[in-house]
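Q: Sequence:
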Amino acid sequence: MARPKKMNDIVVGKLEWAFMKGFNVCEACDYAEIHRDTYYEYLNKNKDFSDKMKRAQTALQRRAKINLAEKIEHGDLSESKYYLERKCKDEFYQKQGVELSGKMEFKNPYAELTIDELKKLVDDG
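With the first letter of the sequence shown counted as 1, position 85 gets the number 237 in the numbering used here; the numbers rise by one all the way through.
Hint data in this document are derived by calculation from the structure and do not stem from the laboratory. There's no promise every hint is true.
What the hints assert, rightly or not - Straight-line distance between alpha carbons at most 25 Å, and here's what the computed DSS-like set of lysine-lysine pairs gives:
(1) K158 / K204
(2) K217 / K239
(3) K241 / K217
(4) K272 / K259
The model shown is predicted, which means the values in this text are computed figures rather than measured ones.
Whole structure, please, built from the sequences with the hints as guidance.
A: Next comes the structure, spelled out in structure tokens:
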């Protein structure tokens, strides 16, 4: 395997872009054409890089929250309901109850067989 590329502005830019699109570390490193070890070594040595990658990794979640908030602010009732069901579960979560009724019977077809008969069944396959 060839020696991994050194970290440079192009590689950092590719990593940042990949994380902002929701890639995980393995996918981002593949996209940036670097080994994961190179990424982690640089991450541990460079606080600015570490901070930048953390921001990039949460960018998609922040964008989704903004999108949801904007829809709610514009009066979208279905998005409002979605939000409340997840954030105010005690009040708004619609629980589904499943009730079973009646008698459940199970008959073991092997209950009457002797041990020798059971062994023969196993041996016969």
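Q: Next, verify each hint and record whether it holds.
A: Quick rundown of the hints versus the structure:
| no. | hint | in the structure |
| --- | --- | --- |
| 1 | K158 / K204 | holds (18 Å) |
| 2 | K217 / K239 | holds (12 Å) |
| 3 | K241 / K217 | holds (18 Å) |
| 4 | K272 / K259 | holds (21 Å) |
In summary, the structure agrees with every hint in the numbered list given earlier.
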